Amino acid sequence: LIRLKKYRTPLVFFIIAVLLLVSVRITGFERPRLSQAEAFLRTLIAPLQSGVMVIGQKANDFASQVLSFSQMKEENERLREEVDRLSAENNLLTEVMQENARLLKLLDLEQMIGNQYSLTAARVTARDLENLHQTLTINKGRKDGIAKDMPVINEQGLVGRVINVTDSTAEVLLIMDREGAVGALVQQTRVPGVVEGLGPNSSQLQMIHIAVDAPISVNQVVVTSGYGGKFPKGLRIGYVTEIISEDNGLMKRAIIQPFVDFKRLEEIMVVTGVETN
Amino acid sequence: LSTQGWIRRIFLFALLFVVSVVLQSTLFHFLKIGGVKPDLLLIIVILSAVMNGKKTGAGLGFAYGLMEDLIVGRYIGLQALTKMSTGYLIGLLERKVFSDNVLVPVVVGALGTLIHNLLVFTTLFLVGNFDFFSPEYFLNYSLASCLYNLCVSLFVYGPFYRSNTQGFFKAS
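Chains as they are written, first to last, in this note's numbering: chain W, 1 to 277; chain Z, 1 to 172.
Please note that the accuracy of each hint is not assured.
Below are the BS3-like pairs computed for lysine-lysine, each with C-alpha atoms no more than 25 Å apart in a straight line [what the hints assert, rightly or not]:
hint	chain 1	residue 1	chain 2	residue 2
1	Z	K96	Z	K55
2	W	K5	Z	K32
3	W	K263	W	K148
4	W	K230	W	K263
5	W	K58	Z	K32
6	W	K6	Z	K54
7	W	K6	Z	K96
8	Z	K54	Z	K96
9	W	K263	Z	K32
10	W	K73	W	K263
11	W	K143	Z	K54
12	Z	K55	W	K6
13	W	K73	W	K58
14	W	K143	W	K230
15	W	K58	W	K263
16	W	K148	W	K230
17	W	K233	W	K148
18	W	K252	W	K233
Reference listing, derived: stretches of chain W covered by chain Z, where coverage requires no fewer than 3 residues with Cβ under 8 Å from a Cβ of chain Z [what the hints assert, rightly or not]:
hint	region
19	17-24
20	41-52
21	122-135
Calculated from the model, a selection of chain Z residues having no Cβ within reach of chain W, i.e. all distances over 10 Å [to be verified]:
hint	residue
22	G53
23	V97
24	A110
Hints were generated in silico from the structure; no laboratory data involved. Note that the coordinates shown come from a computational prediction; the quantities given were computed from them, not determined experimentally. Backbone N, C-alpha and C fix where the C-beta goes; we use that ideal spot for every residue, glycine too.
Please construct the entire structure, taking both the sequences and the accompanying hints into account.
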């Protein structure tokens, strides 16, 4: 018994460590739903995060405004010239638009709206807590019809997908995350591949598993392929900026510049359903 | 420590937890350097450990880690295990350093972060997640996070030390 007492602390540590390791293994990444305790904690801090996040966004906007003053002068000059050019162009386009509107009326209306998504708008209330994952929290949850695995977009393109939901919040895994890979294809040539994040230090994506002779070139647009069923087909992801051959000579990968500005996400849309005819 | 003292400490540590979590998941997003932001919870655990010893370090590390895990909702136990162990190991230094030396937060901040990173990567490896297992990634990540945590630890050490010796967190 005396010897037992000497080993008590290491023994307790060992038992706790084993229990925690088992828990880490079981809860590794995705689960069907959050436990009560987790949902409670999230609901508790969500309003605080929401308030502080607004302050952060405002301060960030202000800071970048101050820092970019000299650039702004230069840009102003350039923009003035562009305004002149665009006004002329705009005039022309108005003519074309009116013509287009007339032509569109001739098309079947059903065809025009048949292919759209039902969307729910939400505000970003927090970003990831630690450095290993890239996620964000939004202010809509289960009671707004949000469910796990729903795709998230904004007007620029694909943002990610919902991975956890509470009653009033949801967590979105960005496609920038290493675990947020998306089935994709090149819009023009239909070359398929997988798009994934380049790691936490990069703001770009990469498209991997492309055959070495596949027709793909810089500036081509990459969209979701719909393979795997998590994302509907045809959501815009980004464009190709660089193509790199793999060492094995069989594959190549493409560096993708995402359309979405992931540093400044404030409002996003959750795709709650795809309307099919 | 009296019952009242305990209640006061627990309340304050809980308050610090909420403030840290909110800051870390919101404002610090805009202060990322090299893809890394400071880990306030870890810094609090490390500083408490070096001032109050291994028991406080391990206990606080476990409590903070577990709460953080529950909020993050993935790999539950990862931060509990690694922060507890880091707190314990840093706590072993308690009697070996003079707490009022300015080098303490610098060395302990960097050392604690490095230990914590090693434990996180090892734990993830042990449970079969090999995504993060690249020496290059580990070095980059560790360099950035150690430097960042070291700086933050330098800033918060003064107030933390004073409150520990004469303010709210005073042991007696």
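Evaluated hints:
1. Z:K96 to Z:K55: 16 Å, holds
2. W:K5 to Z:K32: 47 Å, violated
3. W:K263 to W:K148: 23 Å, holds
4. W:K230 to W:K263: Within the cut-off at roughly 24 Å; holds.
5. W:K58 to Z:K32: 17 Å, holds
6. W:K6 to Z:K54: 17 Å, holds
7. W:K6 to Z:K96: 24 Å, holds
8. Z:K54 to Z:K96: 12 Å, holds
9. W:K263 to Z:K32: 11 Å, holds
10. W:K73 to W:K263: Within the cut-off at roughly 24 Å; holds.
11. W:K143 to Z:K54: With a Cα-Cα distance of about 45 Å, the restraint between W:K143 and Z:K54 is violated, given a limit of 25 Å.
12. Z:K55 to W:K6: 16 Å, holds
13. W:K73 to W:K58: 22 Å, holds
14. W:K143 to W:K230: 21 Å, holds
15. W:K58 to W:K263: 14 Å, holds
16. W:K148 to W:K230: The given pair, whose Cα atoms are some 10 Å apart, holds under the 25 Å limit.
17. W:K233 to W:K148: Holds, at roughly 18 Å.
18. W:K252 to W:K233: 23 Å, holds
19. 17-24: holds (count 7)
20. 41-52: That given contact holds, which follows from 6 residues of the region 41-52 of chain W lying within Cβ reach (below 8 Å) of chain Z.
21. 122-135: Coverage by chain Z holds for the region 122-135 of chain W (8 residues, Cβ < 8 Å).
22. G53: 13 Å, holds
23. V97: 23 Å, holds
24. A110: 16 Å, holds
The structure does not agree with the numbered hints 2 and 11 stated previously, though it agrees with the rest.
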